[in-house]
Every structure is written in C-alpha cells, then in structure tokens.
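Novice: Here the protein sequences line up with chains A and B, keeping their order. Here the first sequence is numbered in my numbering, starting from 7 and rising by one per residue. Here the second sequence is numbered in my numbering, starting from 5 and rising by one per residue.
Don't read these hints as lab results, they were simulated from the structure. For glycine and all other residues, C-beta sits at the position ideal for the given N, C-alpha and C.
Derived contacts from chain A toward chain B, CB cut-off under 7 Å, selection only:
no.: 1; residue: F128
no.: 2; residue: L132
no.: 3; residue: T153
Computed list of lysine-lysine pairs in BS3-like fashion (alpha-carbon distance at most 27 Å, straight line):
no.: 4; chain 1: A; residue 1: K118; chain 2: B; residue 2: K126
no.: 5; chain 1: A; residue 1: K111; chain 2: B; residue 2: K169
no.: 6; chain 1: B; residue 1: K157; chain 2: A; residue 2: K135
no.: 7; chain 1: B; residue 1: K126; chain 2: A; residue 2: K158
no.: 8; chain 1: A; residue 1: K158; chain 2: B; residue 2: K124
no.: 9; chain 1: B; residue 1: K627; chain 2: B; residue 2: K823
no.: 10; chain 1: B; residue 1: K57; chain 2: A; residue 2: K61
no.: 11; chain 1: A; residue 1: K135; chain 2: B; residue 2: K124
no.: 12; chain 1: A; residue 1: K135; chain 2: A; residue 2: K77
no.: 13; chain 1: A; residue 1: K61; chain 2: B; residue 2: K50
no.: 14; chain 1: A; residue 1: K77; chain 2: B; residue 2: K169
no.: 15; chain 1: B; residue 1: K760; chain 2: B; residue 2: K723
no.: 16; chain 1: A; residue 1: K93; chain 2: A; residue 2: K31
no.: 17; chain 1: B; residue 1: K544; chain 2: B; residue 2: K222
no.: 18; chain 1: A; residue 1: K135; chain 2: B; residue 2: K169
no.: 19; chain 1: A; residue 1: K27; chain 2: A; residue 2: K61
no.: 20; chain 1: B; residue 1: K723; chain 2: B; residue 2: K645
no.: 21; chain 1: A; residue 1: K111; chain 2: B; residue 2: K490
no.: 22; chain 1: B; residue 1: K157; chain 2: A; residue 2: K111
no.: 23; chain 1: A; residue 1: K77; chain 2: B; residue 2: K157
no.: 24; chain 1: B; residue 1: K318; chain 2: B; residue 2: K407
no.: 25; chain 1: B; residue 1: K157; chain 2: A; residue 2: K93
no.: 26; chain 1: B; residue 1: K11; chain 2: B; residue 2: K318
no.: 27; chain 1: B; residue 1: K169; chain 2: A; residue 2: K118
no.: 28; chain 1: B; residue 1: K749; chain 2: B; residue 2: K760
no.: 29; chain 1: B; residue 1: K50; chain 2: A; residue 2: K90
no.: 30; chain 1: A; residue 1: K118; chain 2: B; residue 2: K124
no.: 31; chain 1: A; residue 1: K90; chain 2: B; residue 2: K157
no.: 32; chain 1: B; residue 1: K169; chain 2: A; residue 2: K102
no.: 33; chain 1: A; residue 1: K135; chain 2: B; residue 2: K490
no.: 34; chain 1: B; residue 1: K376; chain 2: B; residue 2: K407
no.: 35; chain 1: B; residue 1: K373; chain 2: B; residue 2: K760
no.: 36; chain 1: A; residue 1: K135; chain 2: B; residue 2: K126
no.: 37; chain 1: B; residue 1: K41; chain 2: B; residue 2: K246
no.: 38; chain 1: B; residue 1: K157; chain 2: A; residue 2: K102
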Amino acid sequence: MKFISNVMNFFPNIFRKIVLKRLVKKIANRIQNNFLDDFLELLLKMVRLVSCVDKDFRRNIEGFNARYAFKSEDGKIAASAIFKNNKMQVLTDEIKDTNITVIFKDGQALWKFLFSGDPDIFEFILQNKLRYTGNLNYILKFGYMATHLRLKFGL
Amino acid sequence: MATIIFKEIQKDVSLSDYTLDSLLLLKELREQHFQTKTEICIERAKYVTEYMKESEDKHEPMELRRAKAIQHYLANRNILFHDNNLIAASTTSKLIGAPLYPETIGLTIWPELYTISTRKAKPQILTREEADELNFNIFPYWLDRTILEVTRKEQNPSSLNLMEKIAFFLAGKSTVISHTTPYFEPVLNQGLNTLINKAKEHEEALKKQDIDRETEGKIIFYQAMQIAMQGILEYSRRLSEKLAELAKNESSPEKKQNFQIMSEICARVPANPATTYREAINSLWTCEVAILAENVNMAMNPGRLDQVLYPFFKHDVENKMLTLEEALTLTGCLWFKVADNTNPVPETSEKLFGGAGSVPAVTLGGVDKAGKDAVNDLTYIMLKITELLSIKDPNVNARYHYKVNDKKYRDRVCEVIINTRAIPALYNDVSNIATLENQGVATEHARDYAVIGCVELGSAGREFSSSSSILFNLSAVMDLTLFNGKRPFITGDQQIGPETGNPEDFQSFNEFWEAFKTQLRWLAQQAIDLNEAFAITHQKLYPTPLLSCFFDGPMEKGKDLIFGGARYNSSGATHLAFSDVCDSLNAIEYAVFKEKKLTMKEMIEAVRTDFAEHNGELLSYLKNTVPKFGTEDPIAVRNSKNLVKLLYDFYQEHTNYRGGKYRPAFWSMTNHAGIGKISGALPSGRRAYEVFSSGITPASQRTPELTPAFIAVAELDSKYIPGGVALNMKYTPEAGSEERKTYLKKFGDMIEGYFKHGGMQVQFNIQTYETLIDARNHPDNYPELIVRVSGYSAYFKDLSDAMQDELIRRTQYNLLTGKAVRLPESYNGGE
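In isolation and in its complexed conformation, chain B is listed as follows (with noise of 0.2 Å):
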C-alpha cells in the first residue's frame, strides 16, 4: 500500500482544494511561460568554442579538454534571474531558451541567422549581435569538427550517402546522444565535494600503479570528472552570489528574504549533501543543467523525481519544515525550470517535425527497487502539478503496476489524463520490467526503470540508453521489396538494396516475406554501421566526462560512458510505419496470393501510380476489407508479430560500441508525419504524401473497434520490444458530469485490461475531431490547447500541418461504447 504522509492527500488525494488561485506564484509563473517567445541562446557555444580554440595546439587529451570546455562555460556564464521562481539554475540566459551545440547540428540554422527571428514557422528570437557572434567568430571553428563531417573525412561510411537522403534512416548520433537518464542519488546524499574526492582518491591510488595505457587512460578520466564537477561549483559559486547581491538591492522584503534564502542554498549546494526538499531540487536542477552544458538538451531525463527527491520531502514533512503549499510550490517552479528550455531548428525541420522540445521525462508512480509500491505523497503532488499547470514539458509518465499499486492511484492519473486532456502517459510495470530483465537487466534495477525522452525504457541512473541511435523508416523496406532493391518515389532507378527478385514472379507471400526480410536487415544493417561509426568520432572528440559523474559505473571503472562506462548498455532502433508496413503486408498476402483480388504486378503498378488508375474500387477494397493491424484477424496477427520478431532478432545478435545490446522500438516523435508527407504509396491503400501511423498505433480510420485495437498491440510481446512503444489513442471526451463516473471507470478498466493482456505503454488525446479541425482552423483560440504526439506532449498550435493533420485523423474512439467515431467527412486535411 502507498505511504502517504500528509492527511490532506490521504483525504483527497486530487487535492480538489488547491488550484492556481491558491498558488499564485504558479500562476504568475504560468502566464509568463505561455508569453514567452523562445530565444535562442549563443552563450554555450561561445564559451565552449572559445576553450577549444585556444586549447587547439595544446595537445591535451580530449577528455579533459572537453572537461575544461564544459567548466570554462558554467564558470563564465551570464547569471540572469528572470522571474521569481524558487529555484535558481537555469538551462541558458534566457527565460526560455535554445542552447547552441555547434558541434553537432547548431550550424544548421546557419542560413537562417538573419530571419530565423520573423519566419513564418516557429520563430525563435535572436539578435544581430548573436547572430554576427556566430556568424563569424564561432560557427567557422566548427566547419571541418562537426561529428557530422569528422565522421565523413574520416570514415566515409557507404551508409552516409543513404541517411541524408532523408526518407530510409537516420542515425541519430549525427546530432545528439542524450536520451538517457542520470544518478542524481549520489549528489543529493552525498554533494559533490565527495564525488570529487572519490575521483582523487581513484586517480592517486592508479598513479601508485604501473602506469600503462589503459591506466593512463584512467587517470585522465578521474582527472577530467573532477574538472567537470568543479566546473558545477563555480557555476552554483556564483549563482550564490549572484543572489547575495540581488538580496542586497531588493527592496521588497519578500524578495529580498527570497534571494537570501535561494542564495543560501547555492552555496550549500550541490557542493553539500541535501538536507531539505528545496536544496534536493536545488542541487538536482543544478547538475541538471550542468549537464546539459556537456550533452545536447534532448530526452536528458530527470528521472524518477517522486521517489528520488522522496528523502528530503519526507524529512521536512515530518519535522514540520514544510506544508503542503510549500511542497506544490516548490515542485510547480522545478516543472517551470525543466520547461525553461527547447532546441533550435532550421525552418523546414520544424515545418515537418516541428513542436518537439527537449522531452525530458519524468517518471512517477509504478514500484520500488523491492517490489513494493513506490506512490507517496510526492507522486500526488507531481500529478497534481501536471494536472494545475498542464505545460508540455517535463514529459510526465506515470508507472502502474497493477498487481502491487492502489486503484486509487491508478484513478488519479487516469483522472489527470481526462482533466488534461493528455498527460501524463501510463506504463505498465508488469511488462516493462519483465521486459528489462529480459535485456539482462538485474531485477532490482529493472524495477527502478525510468522512461527515456518518449517512451524508452532505462533503468535510472545505471543504463547509458542511447536510446535514439536510429530511427528506421520501414516502408523503405517494402518499397525496396516491391521494387527489388530500389525506391522509384525516393531515388529513382538508383539500385539502392540488393536485388531480392521481381516480386511479379513471386509464387507465394513467403517468397515476399522472404525478400522484405532480406531487404530489411541490409537496410537495418546500413543503419547500424552507420550508428557505429557515428560512435568512433564521439569517442574520439567528444566524450561525457561531466554526464559520467552521474551514473553508476564510471566512478568504479574509471571509465567514460562513451567508452561503456555505466553498468548497462544498449542502443535504441525505433522503427516508423509499423502500421503501414503490417497492413501493406496483410494486402500482399490477402488481396495478391489469397483472394487474387489483383495481381502483384497491379498492386506493384498501383503503388507506382499511387493508385492513379484505381482510385475507386481498389482503394476501397484496400482500406475496408483487406486485413487491418488492431483487428483479430489472424493475417493481421500473424504478420504483426512476424514483423516485431523479425526486429527484435535482427537488432538483438548485434552489440554496440559499448558493449550493449541494439533494441528495437516503435515510436515516431512526429517523424511519422514528417517522413511520411516525403513518401510513396503502399499497398495497404495509403497514398503517397499521406502520414504515416504513429508509434505502433493502428492505422488511423482502419480499426473500428477499440478493444481489438488494444489487444493487437498488446499481445506483440513486450519481450521482443524492449525499446519500448507509443500506443497513441484518442478518446471521444466525456459528456457531462453525469456520465463522468462511469467513463473514469471505463478509461481506468480498459487500460487495466490492456495492461493484464501485455501492453506497454498508452497514452491519451480526450479530443473530437471537431475541437482539433477547429483549433487548426483558429490556433489563436487555443494557445494552451495540450495534445499528445508519439511520446510526447506538444502544444497543438506549435505542431506542423501534417502533424496536425495526422492528430485529427487518429481514430477517435467512443469510450463507453467502444466503437470509432467517423470523421467528419467535410474534413478534407487542411488542403
């Protein structure tokens, strides 16, 4: 049973009494986040370029000068306070802001610098100072050390040629790791001045040693972890300072007592261990920050906050150092801080995958590393945070293990996901650690799983995930079957895959299957080949000594994560299209070699033409009768779980650069749309342009009832899926209050249900049709409008056409009577 302190919450455990009006620093701080326009912020850049060029000639490991780089950054970054959050570090100098990593994809917006502040989409502020501060002084340095550009110098990797086609794969590596989560335990029990010591002490017990390479090696690495962590000193050094000062001028005595305290707490930590709840947020946002100086701000998670920061909350509770209040509010600013920043992206990024941010999640609920149930007050107080401020990031996740967590808690965030409309998303225990132990995750590890950026699972602070190595578009794979090896739409007659036969005289599906698979594991070769050698220049140029700091396993082997420092190690494939693929399969076999509705060369033609002569007939056969993906159909079964298999023992024989395994995964952020607005047709009837299914959701308008929708993915397998999934469903709100007793029962069954039949993960839009048409045809009307995408949660006004289009199109479902509603057919996609 949950242990819950306070008696309000063991009362109410929505904590009905409390609202933005009765938190009004929340509100204050609500309503300048939504008025704030993003800016993007060169500081980063400019001080980590600065290092490196001066530290050009001097021949130093790039281990430490990687380490002095991150270190020259925090101890001479802008100190701005620029609201009155309790809170004191911040992501860049600006409210919201873009930090620049010119060494992995900053230069991008190059040609932008001059209009990336008026485009059309998304702007995102930047001066003509910053801009010539670019231009000139600091993207030049970065022309030839992109991890881009050393790679192609230096490697030259055949796969390359394939990536920047855009429409087969991308390799993730090119822009960002990240995508992991940190061990933030050790600084708030212990502080940083004893990490720092455990480094020394490692460093002068090797140099008493036979100093060989690989000792050498280490020596360097203890040595650079300290750099790096007295870089955060200096940076938390002056933040008290900072603040002593702003203390000193305040004339507000509030404020002034505000400052006083902030600062106080900056020189306690996270030099110190934590004593209280704010110095525990304090001191973890601090290194949070810091390391998102060192490692690109994408899906760097904070982790399992209600169980990490538990301690300090339950310390100050039960010595009446804290109220309720005090706790909603000091949890509500860290929401605001993790929110306090986004990536920059070129123009037509953002047109085709534009309104991601940073995703960093945040994990509630589910068990302890026992077994136990792990809700406590903190897990109600997150929830109700979510709930009150209903901001897209952190990417809040709630965990429910159905055999050992309350129905009271499970409830509550299904009563979170209707009040918001979209948050947080739910992950089933039972699978998901069965799902890890299965990877050879220790079980009590497994338990202390944390989502990763969407929906990747890691075990917190011991599992370097890289869980975004490659995202794998697998309809590339069907159109290299269907046309032996190329892909008209995409390359024109270029052979791209191996030549795998003229699927005209092919004699059965097994012939095809065969060849889809064979054209699938050159490809998702391609893919891999290219992640590794990604990996080589990472290794080489830039290594984590600062991120190291934070997990388990680099401080007792004296080795960088890069170089399979942490205690696990994978590498992530999410694949997009699942849907499509399945359901352009279940056509071949069906409608080609079993009904012989047509013959393969018309369905190859077809697909050609994209189905310019068979706009009729055969696209209603298509689309109506040929066996659907989330239907029981034993095809649609069969090819589903062929397909997850095929994945998971291809990715599975392979181990990365670290030593750990590849894992498949099915969630598409929103490159699902993207790449599917660059893409050809397919035989399950999807024309070409069309978006694609998201994550591993049935295809949208395809699956009429709900319940089959749910069992289809469920019964995948989590075991071979260990990457993880977004099932993305879209729920006809309820109608009144009346009917909301009964739909709150109907939402928290039903998601019981598809957990007790294997499901890993679902998440929610509580939209019609109607309301989502609307808000794309009047965005100024819904500013605040929260949706979520295929693993995160995005401001709807914020995503680009074909997301939108691909968010109204989802199939929207009546909970109480299971069945889709139709959508409009006045709905023609905005075009």
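Same shape as in the complex, but just chain A (with noise of 0.2 Å):
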C-alpha cells in the first residue's frame, strides 16, 4: 500500500486524474451491479486520491489526525483510514484504537449513507442500518467528505 502511494507521488497530477476517473467508473459500475463488497475500499482510494490531486479537497486533511474503522454486521466487508501527517492512509481490515468505529448493516446500507445525497446519520441509527462506537463527530466530518466527493463526480 505504501508502495502504491509512493508510487503515485512520483506521478503528475495528470496521471492521477486518470487513475480517478478510472476509480470513480469503477465506483459507479459497482453501485449499478450492486456489488458493494470492495466498495468501502474502493471509496476511501478515492478519497485518497481526491485528496491528492484537488487542492480544495485536500484542506479536509491537512492537519486532521484521525483513525476511522468500517465494518459490515456480518463481517465480510472492513476497511480502515488513517489521518496523519497531512495524509491518508487505507487499510483493508480493521483497525483498533479508532475515533470512530461505524458498523453498518450491509453495503447498501454504508453506500446510502455516504452518497444518498442525505448523509443523515440519525436516520441511519434510527433504522438500524448503522451503529457506532466512539466519537460521532468524526462520522459527521467524513460524511462531508463523502457529500463533496458525491457532488463533485456526480455519483
């Protein structure tokens, strides 16, 4: 993983666009096929990636110094970020020790919170579609970032 972003450090911001593009089509073939299991992963490559190449975007991570967990009920879909330095990194399983932990009921259920276009977490909780442990504010701050990703690329 550290590779991949090192990787991409070395690429111009061109390159990165097209990687996005990509990520994003990629995204979106996944919502439309309703295959959401490596959504979550996919979802904060992009955010990374956002973050790389918009300079507006990447304000929401200067300075922020913040672990985040998502996992599904069952268990079958984890994906963790890490905030530090003025980066972000991804993980493909859990992490410990997070600000936030956010269980969500299933794919669908994290896929509508972050990009129904209502990032209401309350209703969420309220339908049972989504839990948490630990500090909601930082659920609140991602799901701005989701809002800004969703009206950016139109997903």
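Using the hints, put the two chains back together into the complex; each one sits in its own frame.
Specialist: Right, here's the structure in full:
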C-alpha cells in the first residue's frame, strides 16, 4: 500500500486524474451492479486520490489526525483509514484504537448513508442500518467529505 | 380588578379599530417576515471558536474564557439592519437567522454543508464561503470538544448508549440547557453599569478576605460577570455608532429621525436605567440577544412582558409620551425581533421533528406577586398584537386566575384564540401556583411564574429550570415490561432492562404493574444518570456567566447558575406516549385479566407482530371497547393517576447537580410524532409507526365526549405534575357570526370548568379535519396557517409529515354539542 502511495506521488496530477477517473467509473459500476463488497475500499482510495489532486479537498485532511474503521455487521466488509501528517492511509481490515468505528448493516446501507444525498446519520441509526462506537463528530466530518465527492463526481 | 389607563381599551378590550392597515409598519414587517427565508448565521460560531482557539494555552479559568469568548463575539459581530423595525438589536446578522452553537449540536449539519440550502425539507440558506469557513476553520476545533463527546470521553456513562438508540430517552443537555426565564427588572431599573459595579464591589470585598479555593472561585465568577456585561455594552455601543452613521447618510427624513432616536437609545440602554417604554423594550431585547450569544436559542423566554415592561409604559402614558398606536407598533416590533431566530436542524430531524423554532415564551395576565389582578393595558395590547400578527413566535401564553381575573379578560383571550385559530395557550393560575408552592417556591415567587418554552412553569428570573433535561419515551417501558427487559422492535434480542419476568406467567394485572414499575424506575434512572453526567461537562466547560447576570441569586451567592447560583433549581423530565401507555395498561388489565378476551401470550404476540393476525376484531375491540384515558371509566382513571403518581414519586426522590428536584412533565413538542413513527405496536391497539398521542392529550379518535376528556386530564392532580402539561384540543370553528356569541361563551365556560377541576393548561386548534387535510395536500394555499403543536405554535406547512398527520387525526370536537366529529373515512394519512 505504501509502495503504491509512493509511486503515486511521482505521477504528475494528470495521471492521478486519469486513475481517479477510472476509480470513479469502477465505483459507479459497483453501485450499478449492486456489488458492494469492495466498494468501501475503493471509496477510501478515492478519498485519498482526490485529496492528492484536488487542492480544496486536500484541506480536509491537512492537520487532521484520525483513525476510522468501517465494517459490516457480518464482518464480510471491513476497511480502515488513518489520517496522519497530512496524508491518508487506507487499510483493508479493521484497525483498533479508532476515533470512530462504524458498523453498518451491509454495503448497501453504507453506500446509501454516504451517497444518498441525504447523509444523515440519525436516520440510519433510527432504521438500525448503522451503529457506531466512538466519537460521532468524526463520522459527521466523513459524511461531509463523502458529500463533497458525490457532488463533485456526480455519484 | 384590572387597571386600564387607555380609554380606548376601557371601551373595547379587542381594540377593534386597529388593524394592520392602520399599523403600516407592522404590516410591512409581517409581509417581510413571511417572505424571508431562514439563513444559517455562522458569526457566533466563528468568533467564539476564534477566541477559544486563541486562549487554548492561556490556562485561564473556563468561567473567564467563556465570558471573554462571548464578549469577543458581541464586540465583533456584524451590525446590520435589514428592515425598518424600531428595535435595534438582532439575534444574528440575518433577518431570520439560525445561529450555530458548535459546542452543542452545531456539528450535526456538517455532512449537509453543501446541500442544506437546497434540501427538500425546510432548506436553510448557507453560502459556499460560509460552508467552507465552518468546514475548515470552525468545526474541526470542536471535533473533540462538544458536550456529548467530552462526556463520552471523560465519563463514558453506560446510559449514553441507550440515548443514542434514540427511541428510549433523550437527555437534553447534550444539545441545550437554556429553557429558563431570565430576570430583566434589575437591568431595566438599574442599568448594566450599576450591575457591573455591584459585581466589582463583590469582587473587591472578597479580595480583602482570606482567599481559599471557594473565594477564588467567587472572585473569578464576579470578574466573568463583569466581562460578560461589558460585552453587552460594547455591542450596544456599536449599535449606536452604526445607527448614527446610518442617520448621517439617510436621505429620508423619517428614517433619518428613526435612526437617530435608535442611536440615542442604544447609547443610553442597557448601560443605564430605562426611562421610557421604547428604551425598556430595547434594553430588554439587547440583553436577550446577548443571552442568546452565550446560550442556545431554545426556550430562552422573555417572560411576563406585560408585567416587566408595564412601569415604563405607564410612565409614558401618564406623561402623554406614548399613544396607543405607538405602543401597539413598538410591541409589534418586539414580536418580530423575538421571531428573528430559529435553529439549524439536520435533515432527518427536520423530517421527523420539523416545525419547531426557538420557542421563546411570552406570558401574559394572571395575578401579580401579591395575588392581585395583573391584567393591564399592556396585556390587551400584547393580545391584540398576537391576534394581528398571528406569527409562530413568540410563543404567547395567557395566565388566567378564575377567582381574580375579569371574565372580560378571559373572554378576550378566548376571542384571540378563535380569531388566530391557535394562540395563545391558557394556563390556570390557581393550580399552577399551588403546584409551584408544593415544590418549595415561596408564594409571591410562585405567583410570578412564567411559562418556559412549551408549557413548563418556573418563577420568572429566580428559577434555573433546565426544564427540558429529559425526554422520556414511556412506550419503551411498556415494551421492556412486555418483553422481559427487551425491545424486539428497536433493539432486537438485546437485553436492555432488568428481567422482570415473562408476563405470560403473570397471574394478575398487579404483577404486570409491578414489573412495569421496575422497568420504569430502571430506565428513568438511566436518563437521570446521563443528565447528571452531561451536567458535569457543562460545569467544567460551559459555565454561563452572562446568563447568571440576569437571575436572582448568582450576584448574591457569587455562584454561576450552572453551579446552583439561582434562588430555585430544578430539572424537568417530560414524557412521551402518556395516553398510549395508559390505554395499554387499561387494555392489559381489562382485556387480559378482567374480561379474559385474550391471553397475555396472545397480547404479546399481537404486539410483536403488529396485530398482523388480528387486524379486524381484536383491533376493533382494543380501540373501541377497552377503557380509555379521557373517559370516566374507573380503570382508565385509576391507571392514569397511578402512572402520574409513580413518575412523581420517582423523580422527586432525585436531587440534581444544582440541588433542585426533578420534575415530571407531559409535553412533547413534535417528538410524539417523530418517535411514534419509529416505534412498534402497543397493547392499546396503536399500531407500529403510528404517531403517539401528544402531551397529556387523550389518544386521538378514542374519546367521543369533550367534557370527560377535560375532566380526566384535570383530575390527574397538578401537584404531581410540577413540570407542566400540554393538553391539545381541537374544535370545529364556529358556524357563522350568529353562532359566535354562543360559541365564545361556551369556549370560555369550558375552560373555566376545566380549570375549576384542577386542569393546568390547555391549547387549541380551531380547525376541521377537512381544512387540515386540504392544507396538507395544497400547502401553497395555506402559507400562514398557524397551529398549536404540543406546547408551541408552528406554521402547518413547516411541520413534518408525521406531525401533520397527528394534527389531522387529533379528535375534533363540536364545542356546542360536546361530541367528537368523525375523521373522514377517506383519510389515509397521506400514505
């Protein structure tokens, strides 16, 4: 993962944008086909990539130190993100000592939460589609970043 | 007898000659009010955050940091005048603004920063620049500093998990304390300069003593009070300067003169004592704006305005300095100022609970501290303004003492309700004063009570009430009892409450009642524990030195309100689904144990499956045959009284962190609709996802007669409901002008009878099912339709679908026959 990140740093923005475009297409394809198992990992990678190519979006992770874990109730889907030193690291499993761990019913629930255009955590809690342990404010910030991506890429 | 100075009012308390066409400024402001879209105002969040960041490493006591942060905001906020209102100060820099309090729940709109302006449910305008300011500079600072998260991190109370499931209880302190009525007489009569000097004198006197930790705390508090009040003076000085500048550049002579007068007023008050009605109004409102800079704008009540402002009004009238038209105009201007703010709300909250505003309550009439008739000219002027403007805020409440107040006053209040179709709400002085006395409030202070927010009672300016500390879902207790400590509909198979036994094994209703009591005590204890945990965080991080300047107690004691500085202290716990739970207890007692219509096993299964197998006969039986709260059936009467007493006994056993008692209440704002829409079925026959009944109101469409419904509520004994009640009644409007006199008399007599039986409060919607259904289907045709929800007023179009549905379904009574009108069979809830 670190190797890929380092390689990416050598690419000029134009290549990053191409990679990003493919990633967006891939995510859109996953969504269209209702195949969401690796959606979360792709999403986090997308966040990372956008933060590289988009100056405005990058400000979201500048000075932001946080550890997020996401997993489905059945444990089939899990991914984590570590924000540190103005960078973002994506992991394909659940990490410990998080600021927030989000446990969602299934991939569909997480997708809807982040990209339905109505990213209101309380609705998802009420519907038992999502629960969390840790600091709620961190998921609110993540919700903001997801909305930013949705609007920017028309997801 | 009421004291009336103006001959016009003596002749006609309705002031029929005055209309919006004769009060043109009010007409203009009203049109502007309804045309204005709500905007989010980030200024408070920006300046408070700025100061808190700057002072992070200064190791100052939090009392001083908070005071300085608020001072920083008041000294730097934009000074803008959007309209021709005669009062200078404004809550935000927007015409109708939603200030942000990031230390409480401001961050909940974070995910919506780019969409909140365009969302379907009640959009609130926020520019891209403001959104970026919040996202990059303001919200990140508060990530780990909100009340909720600091409490979680430092105390992690187990009850927090339960609250975050939403459907058990909510502890209000995670979002707001407020819910109280400040004391404005000292600032109006003495001015802030005098109050600042008093705080300074206390500080200096303490410095001459041996300084132990307690004394040091008091010195810091007095310093913080001075800083906070200096912030208000700085704001007022800037208002004055800006107005002088506007006057200088204004070409219209009329506007120029008005700016000059306003500038002069702001230069004098609140620094100095008010000398005129206009100065008093400006002084009071400037201080209220400052209070909202420190405290969340939720139920921070102006209080008994017809009493507080009366000496200034009287002085002006007696000295021929104020005409009736001017008094009406100034009062109307104050009404628009009180309505200049609302709350930022996340979309789901808006969908579920939408329509509530900041609920600033104004209280009129009743008796004075000596127990004499307090109704005066201003009472009638304020009633007239309420009638003419018919806007949702302020939340106007009329007190009525049937042994002291004139019938003329009572009938005028009823007339305003009929004309506005909703406002004001009515309060029974006889019951409410006795109820407060029973809580240890001195008689003269109890007589000077003001309504807090929705319906709560508190001695104005003396009692830090925190009346919305707990919002408790009684249906959760019913679930936990039926399912032996579990709530299958909400939390699946998780054991939540204590195991009180499988009700299938219970041999009597008494066994069920005992299990219910155990579950209730356990769950209510969780709510209290969480309230106390949040209180510790408030004390540590968010003291209230500015609000403390406007209370009887803190100046004398040298103690912030949050530490118990007020003369009286209490915490309120209100309860949802009262009638639904009473009717469920009735169903279990009557249908299962008395009539043996079904077994407990069958009842539990029916509830679990939302009556899937029993749609016809059982539901009809539960709804139509089983005793209902709101009738004279002895089972229903006993169970409702037992439930009220159970709650009273439990809460009164508990003393809060400020040394006051917990007070049970029954009001629900819109929560009975929102929480109802996510809750499962109940033994009463209420099906899953149906809204709960509101406040203490008998369940909709279950009580066919008006009088027993009133009596059932009235006889619950107000002594056991010190937090207050919201009784919502819906009447068919009068048929025509011929019927009006009879209608008005019956209206007043019915209230009088209810109050004589002990009823505490009642509020009305004078609407038919058909009108409300049409308003739901064609909202554009009803832009100004105002309704009473469950303690406050709202525009029908702004309410959530659930709340609109609840209002439509509320039993409509024909006042003249006393019978319920049938809900149209074609109505299906818009589904």
